[in-house]
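From first to last, the protein sequence lines stand for chains A and B.
Per the working numbering: the first sequence ends with 286, consecutive numbering throughout.
Per the working numbering: the second sequence ends with 286, consecutive numbering throughout.
One should not assume that every hint holds.
As the list claims (entries may be wrong) - Label-pair distances were calculated between CB atoms; the ranges are:
1) A/Glu-266 x B/Ser-96: 29 to 35 Å
2) A/Ser-255 x B/Phe-97: 20 to 26 Å
3) B/Ser-256 x A/Thr-283: 26 to 32 Å
4) A/Glu-224 x B/Asn-67: 18 to 24 Å
5) B/Arg-36 x A/Glu-224: 42 to 48 Å
6) B/Arg-36 x A/Glu-106: 44 to 50 Å
7) A/Phe-97 x B/Lys-34: 36 to 42 Å
8) B/Arg-126 x A/Phe-97: 18 to 24 Å
9) A/Gly-281 x B/Ala-71: 49 to 55 Å
10) A/Gln-124 x B/Glu-266: 42 to 48 Å
Stated by the list, open to error - Keeping only pairs whose Cα atoms sit at most 27 Å apart, straight-line, the calculated DSS-like set for lysine-lysine is:
11) A/Lys-197 x B/Lys-94
12) B/Lys-139 x A/Lys-279
13) A/Lys-94 x B/Lys-89
To be clear, the hints were calculated from the coordinates, so they are not data collected in a lab.
By construction, the Cβ of each residue, glycine as well, lies at the ideal position given by its N, Cα and C atoms.
2 protein chains.
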Amino acid sequence: MHDRHPTSQLVTNGEQLLLVDCGEGTQIQMNRYKIRRSRINHIFISHLHGDHYFGLVGLLNSYSLTNRTEALHLFGPPMLRDILDMQFKAADTKLSFPLHFHPLGENELILDEKKLTVSSFKVQHRIPCWGFLFREKVKLRKVDPVKAYQAGIPPEFFSKLKDGEDYIKKDGQRILNEEVTKPAPDALSYAYCADTKYDESLIKIIAGANLIYHEATYLDDQREKAIERFHSTAKQAATLALQSNVKKLLLGHFSSKYEALDVFREEAAAVFPNVEACKEGVTYLA
Amino acid sequence: MHDRHPTSQLVTNGEQLLLVDCGEGTQIQMNRYKIRRSRINHIFISHLHGDHYFGLVGLLNSYSLTNRTEALHLFGPPMLRDILDMQFKAADTKLSFPLHFHPLGENELILDEKKLTVSSFKVQHRIPCWGFLFREKVKLRKVDPVKAYQAGIPPEFFSKLKDGEDYIKKDGQRILNEEVTKPAPDALSYAYCADTKYDESLIKIIAGANLIYHEATYLDDQREKAIERFHSTAKQAATLALQSNVKKLLLGHFSSKYEALDVFREEAAAVFPNVEACKEGVTYLA
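Bound-form chain A, shown alone (with noise of 0.2 Å):
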């Protein structure tokens, strides 16, 4: 409805990409905003309600019939794997590449890469669901290599320094570490909250992130609709995001009944401002 398609976002790290939740017609998007899909080796599925999943074995598909070879890991709540062995087995589909499903379960880390971390969460779904907390790990001071090399430093010790530590010399002078460096850059979060309704439980998981989506299906005048359906207002996901002491705020997954999304930001801002209502094929940063 009013051209808006179903969930599915990208979040990047560098040159890795990983992709969360898969509605029908994912890969026709990507296509569109010219995504390197090659690039994604990790899929995150929040829960088996259409709107989030039902792209995802054409995706698996159609890396299939490109010869993808690379692994892929797929993430999502255990009947998922189900559902896609009986797709595969009625294609009689063999795929190209390895699929490792990592079945979702209690809140707990599910990745851990060299650059960052993914923790999965519970939320409160008509079904079963999870939300998705991603986490850079603490990254490094950048040494400056003039300076060090003035200051009489071995190239040895440089990945001290980028740890913080200061360097002794032999004759016992000490070289302060924030000489010779600059600070790491601050290492940042984003957590997916998924298809939820309010649920004050998630301030201790999500709390000083940089970056948080949160859906809002519907304005606060259907706040009742929205507890009925295990959903959230606009106002309920800025309240969230102000007690749990985020940086930023973006909504999304607005009822189609809704043409409009200005008046999401606007409900949401006068309780957080630093909010906006998501668009498609736009980036956001944390």
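Add chain B to chain A, keeping to what the hints say.
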């Protein structure tokens, strides 16, 4: 690729719409072409390769979300029911309308309605696959009410006039049917041959059809590949159309490796001139 979408066709018969196959994004395309999807009461799925049915579950979901109440008849490979059941179970979906599933089996009459019949027929593909033959029922002659009235024929005899009977007046005078009626329009037929390798056993099934759709995944210089993959070439499709003495041939299911499609029409036209390469969003008349 090349802005082409996976397979789906609408067969129209008067006000009635019948959907044949339903690849990913079909419902989005329906919106684009302003299809009145509520008029679709019959859906036919030829086989369980994704490009022919990955959009089905989303369409059924959308019908339910918009509170459709009218029954829908779904004809497809037996395993389709299991796939849909599992997806509905995972989403805790209770459809708002009755969905009657009719598993495809042998070559048989699968629908017999007031104005048309539909038969299924097996084709030769890598997995079980069916084509569909749509036949209008024999139409009735059209009564000219003024002439019939002038000839002294009472209105209660008009239904027999439509069937072609002469009228015998009380004085024994015979009014010839053709004096007061016009011939019935032709009853049209359309055969959808699905995904198949070249198969002359289809000739007796589709013989004399007004219109057939036959896949042409490749050009004839790729005939070996076509055979290996249980697909056809444009020349093979044309050869079958010629041998079947049909009136018109539509080609489709072109491999995404080809950008321009005129070559398919040209290759086929050398064998069977009344041929078109299907374009999206275009209506072809039988």
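task: Compare the distance between the alpha carbons of A/Lys-197 and B/Lys-94 with 27 Å, and conclude whether the hinted pair is satisfied.
output: Holds. A/Lys-197 to B/Lys-94 sits at ~21 Å (cutoff 27 Å).
query: Is it true that the C-beta distance of B/Arg-36 to A/Glu-224 lies inside 42 to 48 Å, as the hint says?
result: The hint (42 to 48 Å, Cβ to Cβ) is violated, given that B/Arg-36 and A/Glu-224 are roughly 33 Å apart.
- prompt: In this structure, is the beta-carbon distance linking A/Glu-266 and B/Ser-96 contained in 29 to 35 Å?
  reply: holds, 33 Å
B/Ala-71 and A/Gly-281 - C-beta distance against the hinted 49 to 55 Å: violated, 39 Å
- prompt: Does the hinted range 44 to 50 Å hold for B/Arg-36 and A/Glu-106 at CB?
  reply: With a Cβ separation near 47 Å, B/Arg-36 and A/Glu-106 satisfy 44 to 50 Å, so the hint holds.
- prompt: Honestly, do B/Arg-126 and A/Phe-97 meet the 18 to 24 Å range at C-beta?
  reply: holds, 20 Å
query: Hey, B/Lys-139 versus A/Lys-279, does the alpha-carbon distance stay inside 27 Å?
result: violated, 53 Å
- request: Take the C-beta atom of A/Ser-255 and the C-beta atom of B/Phe-97, compute their distance, and say whether it sits inside 20 to 26 Å.
  value: holds, 21 Å
- prompt: Does the Cβ-Cβ separation between A/Glu-224 and B/Asn-67 fall within 18 to 24 Å?
  reply: holds, 19 Å
query: Hey, A/Lys-94 versus B/Lys-89, does the alpha-carbon distance stay inside 27 Å?
result: holds, 25 Å
- prompt: Does the Cβ distance between A/Gln-124 and B/Glu-266 fall inside 42 to 48 Å?
  reply: violated, 60 Å
Cβ distance range 36 to 42 Å for A/Phe-97 and B/Lys-34, holds or violated: The hint (36 to 42 Å, Cβ to Cβ) holds, given that A/Phe-97 and B/Lys-34 are roughly 39 Å apart.
Hints 5, 9, 10, 12 from the list above are not met by this structure, while the remaining hints are.
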